[in-house]
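Build the full structure now, drawing on both the sequences and the hints.
Going by full-length UniProt numbering, the first residue of the sequence shown is number 1, and it counts up by one from there.
Please note that the accuracy of each hint is not assured.
SDA-like cross-link-like pairs, simulated, lysine to any residue; straight-line CA separation at most 20 angstroms [what the hints assert, rightly or not]:
1. Lys186 - Val110
2. Lys210 - Lys186
3. Lys125 - Ala15
4. Lys276 - Trp247
5. Lys143 - Arg226
6. Lys2 - Ile77
Listed next, with one range per pair, are the computed distances between beta-carbon atoms [unchecked claim]:
7. Met1 - His223: 40 to 48 angstroms
8. Trp262 - Asp213: 15 to 23 angstroms
9. Gln130 - Ser220: 23 to 31 angstroms
10. Pro126 - Gln147: 19 to 27 angstroms
11. Arg139 - Leu103: 18 to 26 angstroms
12. Lys125 - His223: 38 to 46 angstroms
13. Arg226 - Pro133: 19 to 27 angstroms
Hints are computed from structural coordinates only; laboratory data are not their basis. Glycine residues also receive a C-beta, built at the ideal position from the N, C-alpha and C atoms.
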Amino acid sequence: MKPHVSVVMAAKNYARFLPAAVESVFAQTVADWELVIIDDGSTDETPTVVKPFLSDARVRYVRSDKLGQPRAKNLGIQLGRGDVIAFLDADDAWQPTKLEQQLALLRDDVGVVFCGRELIDESGKPLAKQPAPNPPTGRVMDKMFVQNFVCFSSAMVRRQVFDHVGSFDPQWDLAIDFDLWLRVAKHYSFAYVPEPLVLYRTGHGNLSQKLSDRVATAFSIMHRHRHAVSREAVAEGYGSTACTMGWVLRAAEPRTAFGWYWQAFQWPTRRWESAKGMLVSILNVTRGRQVATAAENLSVNV
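Below is the structure:
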């Protein structure tokens, strides 16, 4: 019998987290689902930890050979039989009512239903909650251009939306959902369940090492969609992204941070913030020189 929801999970070397993710699908109050696990060339114990779950006919396991994130997720969408696609990363997990609450909001005009998340550390321990305003809903094209506010493991999408706008673009390995949500936002509304129904695991990846690549990808995606949003959104999107990079690098790489703040200064919505950032960057460069000089003098004196 055809399931209503296809849960797509692309996994690579997450054997230590995958059982919790799969068990959270089994715990759903909605039972009309299938789970499609795409193992994209794992070299850890992923095949072993998946095996016990295959006794349930609703779980399907496909081993691929390093397709990369967009192609692996696209394969999961293609293999899924449900009219609704829900995504779950193998290092995250769901609360039991996640599917039930989101399905209640899935109308013909809604392209994506997402929900709140609770941050957990590598061991699964909840992290301190930081209050945040509810994200935008409805037609969110301009808001999405400025910031991707959809937690990927919270996203639920009707299959016909993929038929309309396409799936993940293989030209990008990072921020692949950002491009997809922008394509969806051109035609559909977004709905939100204001509860933390996703347990989002942090602190175990290497995202910081890929930060510059992620930002480069984000700028490339923004360039693709810039004609579909307002001028104000373009200015805020480019300006805020550059300012964020400056803020992240301000202490460790002040010269690079200055360059990012200078980029942000070109956009009117971020001039005051970027001017302050450039000043801080200059001060950090000066302090670095003073520290280096002091160290040199110390070594000479010794």
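To see whether the hints hold, each was checked on the structure:
{"no.": "1", "hint": "Lys186 - Val110", "verdict": "holds, 12 angstroms"}
{"no.": "2", "hint": "Lys210 - Lys186", "verdict": "violated, 28 angstroms"}
{"no.": "3", "hint": "Lys125 - Ala15", "verdict": "holds, 18 angstroms"}
{"no.": "4", "hint": "Lys276 - Trp247", "verdict": "holds, 11 angstroms"}
{"no.": "5", "hint": "Lys143 - Arg226", "verdict": "holds, 12 angstroms"}
{"no.": "6", "hint": "Lys2 - Ile77", "verdict": "holds, 14 angstroms"}
{"no.": "7", "hint": "Met1 - His223: 40 to 48 angstroms", "verdict": "holds, 45 angstroms"}
{"no.": "8", "hint": "Trp262 - Asp213: 15 to 23 angstroms", "verdict": "holds, 21 angstroms"}
{"no.": "9", "hint": "Gln130 - Ser220: 23 to 31 angstroms", "verdict": "holds, 30 angstroms"}
{"no.": "10", "hint": "Pro126 - Gln147: 19 to 27 angstroms", "verdict": "holds, 24 angstroms"}
{"no.": "11", "hint": "Arg139 - Leu103: 18 to 26 angstroms", "verdict": "holds, 21 angstroms"}
{"no.": "12", "hint": "Lys125 - His223: 38 to 46 angstroms", "verdict": "holds, 40 angstroms"}
{"no.": "13", "hint": "Arg226 - Pro133: 19 to 27 angstroms", "verdict": "holds, 26 angstroms"}
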